[in-house]
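K.L.:
These protein sequences, in sequence, are chains U and Z.
Start counting the first sequence at 1; every next residue gets the next number (the working numbering).
Start counting the second sequence at 1001; every next residue gets the next number (the working numbering).
In case anyone wonders, no lab produced these hints; they're calculated from the structure.
Predicted model only: the values in this text are computed from it and were never measured.
We put the CB at the ideal spot given by N, CA and C, even for glycine.
Rough simulated footprint, nothing fancy, chain U against chain Z, three-plus residues with beta-carbon under 8 Å:
id, region
1, 1063–1077
2, 1088–1098
3, 1351–1362
Some chain U residues flagged as far from chain Z (calculated, every beta-carbon gap over 10 Å):
id, residue
4, Glu43
5, Lys172
6, Ser177
7, Ser239
8, Ser300
Number of protein chains: 2
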Amino acid sequence: MQRVVVGDYSTSGFRKETQQSIFDVAAGAGSALLKHEIVLQSEVEAVIFSSCSSDQYTASILAEMLGIKPKIAIRVDNLCNSGTSAVISGYGLIASGLCKSVLIVGAESRNSPGRLLSWDVTRGSFSLPIYWATMYARNHMRTYGTTEEQMASVVVKNRKNAFKNPNALYQKEITISEVMSSKRITEPLKLLDCSSLCSGASAVLLLSKTMASKRVETPIYITGIGSQTNSASLAEVMSNLNNTGTSRIAARDAYKMANVSPKDIDVAELHDAFSIMEIMAYEDLCFVDRGEGGKFIEDSDIATNPRGGILGCGHPLGATGVSQVAEITSQLSGNADRRQVEGCKIGLVHNLSAAGTSATVIILGTE
Amino acid sequence: MQRVVVGDYSTSGFRKETQQSIFDVAAGAGSALLKHEIVLQSEVEAVIFSSCSSDQYTASILAEMLGIKPKIAIRVDNLCNSGTSAVISGYGLIASGLCKSVLIVGAESRNSPGRLLSWDVTRGSFSLPIYWATMYARNHMRTYGTTEEQMASVVVKNRKNAFKNPNALYQKEITISEVMSSKRITEPLKLLDCSSLCSGASAVLLLSKTMASKRVETPIYITGIGSQTNSASLAEVMSNLNNTGTSRIAARDAYKMANVSPKDIDVAELHDAFSIMEIMAYEDLCFVDRGEGGKFIEDSDIATNPRGGILGCGHPLGATGVSQVAEITSQLSGNADRRQVEGCKIGLVHNLSAAGTSATVIILGTE
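Here chain U stands alone, though its shape is the one from the complex (with noise of 0.2 Å):
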């Protein structure tokens, strides 16, 4: 079987209002990677489209504008957890020997649907994202004694890291006094809190290992994949909300095949839509132990966010996945300019869909 390498990647700056179709947004970050010249267009045998858009034979028409004729292109989606599960698909086209290389691009602009979770009936009226954020931040509290200053410290964090990123969607770093002013939405979620849809792009080459062997200086090799589907609706999630079950199986399976262990985790992109998630994120994936996410993000040994996870770089849902392992690949090559974590060797990234009833864990390694 061959080795899947994580050849090349871009990513476009992620903005609030952009005149540009998403075809213009998706297509800025595949010609922007595509003149790196690892690969010519005639070598690119996939495009896999990772976006939430409701138009139509996406994939093809990307394909077409960035002068690519491949065997295979299909548009994946999976919500929030799109551009992950694209992933997933390009590592099973290389690795099963159907194709030596897979150009994977997300994108959304900002009129793509998939912001309400308007299909799940067990929400009532409480459909918007934040409805569920508020229920795992008020156990969490009331649960292990988090406090909303802890949570605000993730925002803070991440903000900081989004200052070094020239394509994060907020360039000012704020304190957690910011946060904890900002406008209350629910109790005890502020504005702050909160992630921001935006419109943006990211796209990634996946390369078999024989194919990356004389164009990639750095190798960045995926040694594990973990990905969990629960359920669709938030009923299934509720019994539980001291944890998203889904992560802690996908973090599980994905360590299992890398053959590593949480403590040999050096940096790690982490779904961040609302803060609260960051801490759950740290107890599913077994950084700390269940209760201690609060305290982990004032003592915590692995770099987390580097590039300002979703808080402080927005978040269009289809390019969020891919941009995280776009993130963890340029650290891992040593290429993150002014947010590089040193040292780093071995990579993770986690991401999820609507209450965490679907997650995913990729990690990756320079060997």
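For chain U, the structure is supplied; the task is to place chain Z on it using the hints.
P.N.:
Then chain Z, alone, in the frame of chain U:
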């Protein structure tokens, strides 16, 4: 690398009208398959939903409806070619070792989008698929002397086959003169030269060879896969209307991977959204020489479109490719009831999207 077996299948009735949501339509085929008990719900490791629906998080919704908590749940779409693209994605997940079992469900309800090719400005106002089919038909008649009667005979054959298929939309045999005297829509295409969009669903279960070993009496293997995307726009197709170049490349690659030649094929499901497309498929798949497709229908030694094809079964976009794979599996395993092709060992599925801008060929065999 794990070999991939089509371990089970189920197709629902394709119907013109339905009150069912796309999820009910999809779950119908999925639950019918699960009732065969080749696998338990707890053994299904991935659910891939093939559909052009604009609904969000569809694979996870379908999984929950079916009582499955899979590792991976994704939606794949690629217009008419969606179902075959989903099968390729599932193949990748199993052959790579990521999963041992993948349930693929394709479904469409009548209000699914994807009917108008509205993204493609190179079509001008000719956005309905019949316009490109008309160009192909006129070119074939002019260049090779293909006749309207030959095209009509494709329809007659496929309607005759559909008459033996209880799931087919059309349950009535027709004559060449009925096709010839049906309403003329373009010059030279009549109403009965065209397929109908409809509601419907089909499911196939892919298994690793190891997992299939004690569960499936006659394992049917996926032995060859070829796929090619040349463009999304018609402008790219019009430079050569003599063939769909994507089908030729897809067929070449699939034959090579399966290590078979066109003359080895016993039974084939071909993309016949319009009668001319089946005639061109004979040529593109190298069943006959270029220009000989019109005559092939009269003296073919390959059983074509035994389920009735798209002309006989109707065309629920996301379901079509899945139902083609289901049909060939049923034929090769000797379970095709009244439409059984005797002694068939090697089968082929051919599918395409949007004027043949992309195409897929999948070869299945008993060994």
